[in-house]
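*Asks:* Chains as they are written, first to last, in the working numbering: chain U, 5 to 222; chain Y, 11 to 239.
It is worth saying that the hints were derived from the structure and are not from the lab.
Any given hint could be a false lead.
To be verified - Distance condition first, Cα-Cα at most 27 Å in a straight line; then the derived DSS-like pairs of lysine-lysine:
1. Y/Lys167 - U/Lys63
2. Y/Lys78 - U/Lys160
3. U/Lys65 - Y/Lys231
4. U/Lys128 - Y/Lys13
5. U/Lys121 - Y/Lys149
6. Y/Lys149 - U/Lys159
7. Y/Lys78 - U/Lys125
8. U/Lys141 - Y/Lys149
9. Y/Lys81 - U/Lys125
10. U/Lys121 - Y/Lys167
11. Y/Lys231 - U/Lys128
12. Y/Lys167 - U/Lys65
13. U/Lys160 - Y/Lys149
14. Y/Lys149 - U/Lys153
15. Y/Lys82 - U/Lys128
16. Y/Lys82 - U/Lys121
17. U/Lys190 - Y/Lys149
18. U/Lys128 - Y/Lys16
19. U/Lys128 - Y/Lys92
20. U/Lys121 - Y/Lys92
21. Y/Lys92 - U/Lys125
22. U/Lys187 - Y/Lys26
23. U/Lys174 - Y/Lys149
24. U/Lys125 - Y/Lys51
25. Y/Lys231 - U/Lys125
26. Y/Lys92 - U/Lys14
27. Y/Lys78 - U/Lys121
28. U/Lys141 - Y/Lys81
29. Y/Lys231 - U/Lys63
30. Y/Lys26 - U/Lys21
Said to hold, decoys possible - Pulled from the structure, derived: some chain Y residues nowhere near chain U, Cβ distances all over 12 Å:
31. Glu20
32. Ile25
33. Thr30
34. Arg47
35. Thr58
36. Lys81
37. Gly123
38. Leu208
Glycine included, every Cβ here is placed at the ideal spot set by N, Cα and C.
Chain by chain, the residues run as shown.
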Amino acid sequence: MALDKNGIAKRIAQELKDGYYVNLGIGIPTLIANYIPEGMDVILQSENGLLGIGPFPEKGKADPDLINAGKQTVTAIPGASFFDSATSFAMIRGGHIDLTVLGAFEVSETGDIASWKIPGKLVKGMGGAMDLVASAKNIIVATTHTDRKGNSKLKKSCTLPLTGLACVKKIVTDLAVVEVTDKGFKLLERAPGVSIEEIKNATEGTLIIEGEIPEMKL
Amino acid sequence: MNKIVKNASEAIIGIKDGMTLMFGGFGLCGIPENVIRELAKIKVKNLTCISNNAGVDDFGLGILLRDKQIKKMIASYVGENKEFERQFLSGELEVDLVPQGTLAERIRAGGAGIPAFYVPAGYGTEVGEGKEAREFNGKMHLLEYGLTADFAIVKAKYGDAMGNLIYNNTANNYNNMMAMAGKITIAEVEEIVPVGELNPNQIHTPGIFVQRIFQGVDYEKRIEFETTM
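The following block holds chain Y by itself, in its conformation from the complex (with noise of 0.2 Å):
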């Protein structure tokens, strides 16, 4: 079995104008970072994004944005971003702010086949407005609906030609839920490496879940906040 494509741009083929894309990442660590270069390239449009956040003005889904591809963005947090901040308060982007557990495990349940499950995050919120509620336990929850996506790019730092994958500290986040959710799923890594290599033991996301894989260049990851002692 051979997933690997070649490189980004064979990996982004049947990506059109109005899909629903995941991108895995929070904040800017564990962005597909030569995915999204791709897609600005080919200046696809009309897209609705499911990302955790919504990069930085010149950096990650921001470039995106910048340049008026997405229409929609479904993200639990978007304060660093200033040219998101003002195509959303213009009503130029439509935006769906969603709790990032309850966002996170949506991709989950989307990926896992699990139409619907309740949380108590939101209840009694305007995120609740409209949704069906229910207690359990005494508690008030919330209805929320599974994600899934045309296609799902995910970054991991080593992958194989069967599609398994590692990823590297606190750069899984939504990776590992959106290469489950995907109809498609992209995974860029840093690092392809032969079949058998990995630790079947230690492997984050099982092959199946992955429908092409490529090596990525060129990889800034860049560092929102550095602080040091």
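Just chain U, same shape as in the assembly (with noise of 0.2 Å):
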């Protein structure tokens, strides 16, 4: 059966290292901060400001000047810091994030990733999400592997506005997690109970299987 959003953060969470310090995206990679493994270091960073987010405050202790890139109330880790917008870009562009996770609309089969514009519908913006992509080691996208409509996410080239070039390593979906090779989608897992069949209709681009193709372990 296809993953919901919490079962794809989940997965996504099995890709954290002790001492990463990670930047979550808004939507479904915003949920990986709950399945951070128990012992696990990871800090999570908030392109508006904040290094070591915490949970979300107690009822009635929300701080209005307390945000994450979201815009949703959170609290801060002991040991976090706070600093300007420049200071927090110049740890994503100097290289300083070990992992970025974010949503997209689609991703090519050579890593390019469109998520920010709908010509004609929807004008909110590129945020920080650009400035990530261009700059991160390491980028997984969070994603349904098809749109509402059945629509697959995953194809041979973007048809909306970029938000950057050849950038995605790897996508985890609600039915596959895929890398990004040199000669296309690689497939290397499978959603628990979902068939290759099933993931070949809903990609789109070029997928690749070798071999075995085991389930996610969840």
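Take each chain as given, in its own frame, and dock them per the hints.
*Replies:* The structure is reproduced here in structure tokens:
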């Protein structure tokens, strides 16, 4: 069965390593914070100027001066720091962030990503996404495999305006874990109970299937 | 040295139609509420506003948008504002969307006397169209220009008569850089303290960057998305 949002977040949490500084985008990526393995030291960065995001505050204790990049009220962990936006993007542009996870409308088989604009329909702006994808060492996209109409989000080439070129390394969807290689999307894992056929049908770009494809362990 | 002015009304003297203004804040966090209210009152028009976001429909820069005081907006993310989207799609509002880190650095550079610099963000996207591109260390970069403003308007938690500022938590965001990038920088603060009371080791914005400072009143500090456990 296809994973829900939390399932996708849970699988991506397995990519975390002790000592990682991580930037989580809005949406599914934010949920990953709930699945950091116990005892693992992972520091979350928020591009509006916080290193060391803590859990949501208790009821009645929300501080309007303490928000994440999604403008939600949060807390800061002991040892956290605050800084201005230029310093924040020095962390990002300077390659100091170990892992970036963000959502996408489309990803191409060469690792291009489109995530910020649907011409004529949606003009929210790119926020920090272009800076993040242009400089991150390791980018994972968290998304559903297809859109609401059933169109594949894993494409030969993106049709929507790009956020960045050839930058996505890995994609975790509700159906599969896929690596972006120079030959196309390489299937690494299937969601529990999802067949290779289903993944093939949901993938527009080149899908490379080599040997046994294991199920995700969640 | 005393840079204290009475209130927002005195602080904004000299702001005229057609000027370029910077506003600190991220979402509604750390925005100069008092000055925005005052600008709405004096109905100054045709403004070019530089701010990460454009407020919400009835708060922050959203008020100036609603009253058609803004001609052009330079921002990175404007998703929480329906009136913005309407004016943008209908062509009433000129919009320059800039990647957030590039926007922050353009403001920092402008204030620091750096006319232009290269960054990788936006290369190969429509942000890069028409821009000079150059390869450094095997990677393509875009030439981006420093930004300055006729007035930069920032908001801090504490300030003193010399213009020194300390921000609170994530309410620093763009304020620190914008303070450097205004020909005239107005700081509104929650509390003005006597000179000497702020710990010099902890000052975020040194007073040299601030020309006018006042203690704001009636801060609403609206929360966009209140999330709790």
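*Asks:* Each of the hints needs a verdict: does it hold here or not?
*Replies:* Against the structure, the hints:
| no. | hint | in the structure |
| --- | --- | --- |
| 1 | Y/Lys167 - U/Lys63 | holds (24 Å) |
| 2 | Y/Lys78 - U/Lys160 | violated (43 Å) |
| 3 | U/Lys65 - Y/Lys231 | holds (14 Å) |
| 4 | U/Lys128 - Y/Lys13 | violated (38 Å) |
| 5 | U/Lys121 - Y/Lys149 | holds (25 Å) |
| 6 | Y/Lys149 - U/Lys159 | holds (24 Å) |
| 7 | Y/Lys78 - U/Lys125 | holds (22 Å) |
| 8 | U/Lys141 - Y/Lys149 | holds (13 Å) |
| 9 | Y/Lys81 - U/Lys125 | holds (22 Å) |
| 10 | U/Lys121 - Y/Lys167 | violated (35 Å) |
| 11 | Y/Lys231 - U/Lys128 | holds (23 Å) |
| 12 | Y/Lys167 - U/Lys65 | holds (19 Å) |
| 13 | U/Lys160 - Y/Lys149 | holds (23 Å) |
| 14 | Y/Lys149 - U/Lys153 | violated (37 Å) |
| 15 | Y/Lys82 - U/Lys128 | holds (16 Å) |
| 16 | Y/Lys82 - U/Lys121 | holds (19 Å) |
| 17 | U/Lys190 - Y/Lys149 | holds (25 Å) |
| 18 | U/Lys128 - Y/Lys16 | violated (38 Å) |
| 19 | U/Lys128 - Y/Lys92 | holds (10 Å) |
| 20 | U/Lys121 - Y/Lys92 | holds (16 Å) |
| 21 | Y/Lys92 - U/Lys125 | holds (12 Å) |
| 22 | U/Lys187 - Y/Lys26 | violated (58 Å) |
| 23 | U/Lys174 - Y/Lys149 | holds (21 Å) |
| 24 | U/Lys125 - Y/Lys51 | violated (33 Å) |
| 25 | Y/Lys231 - U/Lys125 | violated (31 Å) |
| 26 | Y/Lys92 - U/Lys14 | violated (34 Å) |
| 27 | Y/Lys78 - U/Lys121 | holds (24 Å) |
| 28 | U/Lys141 - Y/Lys81 | violated (39 Å) |
| 29 | Y/Lys231 - U/Lys63 | holds (17 Å) |
| 30 | Y/Lys26 - U/Lys21 | violated (54 Å) |
| 31 | Glu20 | holds (26 Å) |
| 32 | Ile25 | holds (24 Å) |
| 33 | Thr30 | holds (19 Å) |
| 34 | Arg47 | holds (17 Å) |
| 35 | Thr58 | holds (17 Å) |
| 36 | Lys81 | holds (17 Å) |
| 37 | Gly123 | holds (15 Å) |
| 38 | Leu208 | holds (16 Å) |
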